[in-house]
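Trainee: So the protein lines, in turn, are chains A and B.
Residue 316 in the numbering used here sits at position 315 of the first sequence, with consecutive numbering throughout.
Residue 89 in the numbering used here sits at position 79 of the second sequence, with consecutive numbering throughout.
If you are wondering where the hints come from, they were derived from the structure by calculation, not from laboratory data.
Treat the hints with caution; some may be incorrect.
[Unchecked claim] Derived lysine to aspartate or glutamate pairs resembling DMTMM-like cross-links, with alpha carbons at most 25 Å apart:
1. 68(B) to 138(A)
2. 305(B) to 265(B)
3. 68(B) to 205(B)
4. 305(B) to 338(B)
5. 68(B) to 156(B)
6. 200(B) to 85(B)
7. 200(B) to 320(B)
8. 68(B) to 292(A)
9. 183(B) to 144(B)
10. 104(A) to 292(A)
11. 104(A) to 85(B)
12. 104(A) to 130(B)
13. 68(B) to 8(A)
14. 68(B) to 130(B)
15. 68(B) to 317(A)
16. 211(A) to 33(B)
17. 157(B) to 85(B)
18. 157(B) to 320(B)
19. 183(B) to 221(B)
20. 211(A) to 188(B)
21. 104(A) to 82(B)
22. 104(A) to 8(A)
23. 104(A) to 84(B)
24. 68(B) to 308(A)
25. 157(B) to 62(B)
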Amino acid sequence: MDSVYLDHAATTPMREEVRAAMAPFLGERFGNPSSAHRWGREAAAALEDARAAVASALSARPSEIHFVRGGTESDNLAVAGRVAWSRGEGATGDVVVSEVEHKAVLEAASQATARGAGRLVELGVSSDGALDLDALDRALENGPAVVSLMWVNNETGMVLPVPEAARRAEAAGVPLHTDAVQAVGKIPVRVDEHPVALLTATGHKISGPKGTGILFVRAGTGVRPLVHGGGQERGLRPGTEDVAGAVGFAEALRLAVEEREIEAVRLEGLRGRLEVGLRDRISDLRVNAGDAPRAPHVTSVGIGGVDAQALLAALDLEGIAASGGSACSSGSTAASHVISALYGGEDAFATVRFSLGRTTTAPDVERAVEVTPRVVDRLRAVRARR
Amino acid sequence: MSRVLVAMSGGVDSSVAAALLAEEGHEVVGVTMKTFCYSEVPGHGKTCCGLDGIADAKRVADALGISHYVFDVEEEFTRDVIDDFVSEYALGRTPNPCVRCNANTKFRDLLERGRMLGCDAIASGHYVRMRHAEHGSALLRGLDGDKDQAYFLWGLPREMLPLLRFPVGALTKAEVRERARALSLATAEKPESQEICFVPTGDYRDLMRKELGPAHPALQPGRLVDREGHVVGEHVGYAGFTVGQRRGLGGGFSEPMYVLEIRPERREVVVGTLDQLFSDTVEVSELNWLAEPPKGGAAVRVQLRYRAPDVPARVAESDDGLRLELDEPHRAVTPGQSAVVFDGERVLGGGRIANASSRRTTRIPPSAFARRP
């Protein structure tokens, strides 16, 4: 049976170029960048080359790029590290987020505000992608430690108005962090054009290695480390560096940014065919956040009258890998906070997220368009027997 | 070859059930049901339906090269099993949550989800057997008398029987472990799960306190009385007692004392001697039949507790509820437990025990309750 992987927002297959770039550092060039000998120098040079490449891809300065061990860690460092730093500066410990943030931000913010006795302010987002900017302005008046606003929502592909929010935050003297995990390589992400102070990216969503990522920290933005040790990564992320991971991340990012424009057009075309095909063949179907500006690789559809867990299982049995929103620890699916925020908690639609990527082809999409309606019909027929 | 849905708990029995079906050439689809919120029980991994169970089931499925899915039935499980468990104890009965789960949650959900996934059959790792014939399907006891689980399955929807497969029911536990070892399954040496899966502390009264609040009458002290109503002592809360229990009665009686009955409306626990613990008439409600119901006067065999042997009985009434007259008095027949009716090794059906009584009355002298000086 042909298998079709349409879950690129969960993770992506690593590119051959990335694997090749990493290989020497998993082999003979094993040195510790902090060592003073030849092995160390080699590793340090590779690490700094990687940093420069990342900086260039994001239009940042190399000194602003900090390698960390993944997107969740980067989000936590930005939010909790920023709150910790603010405590010493007499600012409030408030954190402002949108209600559709990734759990890495929401949980970090909720922990950090609970510890620092600050408030967690959640900004509403509507299904057309509008952020409650008045609420943002009101929240900014209280001098929060940080505003954290994702650039592209992982469950729906919705693009949030990060540039506008960043301008308002900057005017209020509050740093804005953006979780750009689903944005880099999909929409233009340049830190020289928008006053974002902190930015998170991860390797495995852009055909790079898992467990890799960066936190961009604009010069002058104070953040405290969450782990302590030998002072690597300018003291923000101590611990012997993952040189291979940094090299792999940099190569993946370089390629993703380089190919972004052409790839975005291709993905948008494929996604359009998928959405039209599903709409034509499935009644009672809604494209979640369909009226919002969206990144080109995600479509989240709500389907009435079916059981979401059974639908995903049935699709998998037909060789189609999709997801219910975001991956959950047990592999189970629960009601998503994002869909609840956009459509209310009593929303009766089952959510399926199809996400496309580099390896997705037109036949993949055709197959999903052929199989999904058939599976939905079967599920609806079983439910009708009740 | 057909597509078979297998309920995989992450234990060795269901692992081997899946393996046997795969060996037979079926397309096996493994499913683990997530039944309650594990995050509230830090570090808990003992029972087979916890997150560890899910992870183990996934490992086994991967080793067998079969699909595996997790279905979240927490809401249904809480409503149909946990809430019922708590309210039964509050009513002074001793519930059997596994029976309830199989009947109301697990197999019904498997049936519906199985149809949604295009499956032709539903299987689990229970130690029971099916006999499928043209004129109908019969549920039989498992071959391993020590492990037989027929007692837990009388509540299944009858129309489901033709779809059921229980591959380990024809094996002994030792054979099941042997198969698991031979296949190097990750669950081969996994210990048996003993406790009720949603009572990880092992003390269901913790759950009662959480669900009902510590002020609930079932958790308040009350009187121990004898059959005639004389107060013979105190207890710490009737929810902690089941018929036949000796523990928690305070001791010091001149004869060993047992719980005979729980009277929730008066918060009383009735105690008496071993003699009084026997009853021979059982009223059964909430009946479910997996075969033609036996007619009034029919001789059947009935099992009244898990692991108890079945005993001969006569069907006395068969219209609304069911009254069973046991040939011999039976010890500790307990309201809330199941009465499962057998014809030989075949499960005919069953119900919840509503009441137990004796056709003869045993009178014992008041001196039995006298506390030893």
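Trainee: Enumerate the violated hints, using their earlier numbering and listing them in ascending order.
Mentor: The structure breaks hints 1, 2, 5, 6, 7, 8, 9, 12, 16, 17, 19 and 20; every other hint is satisfied.
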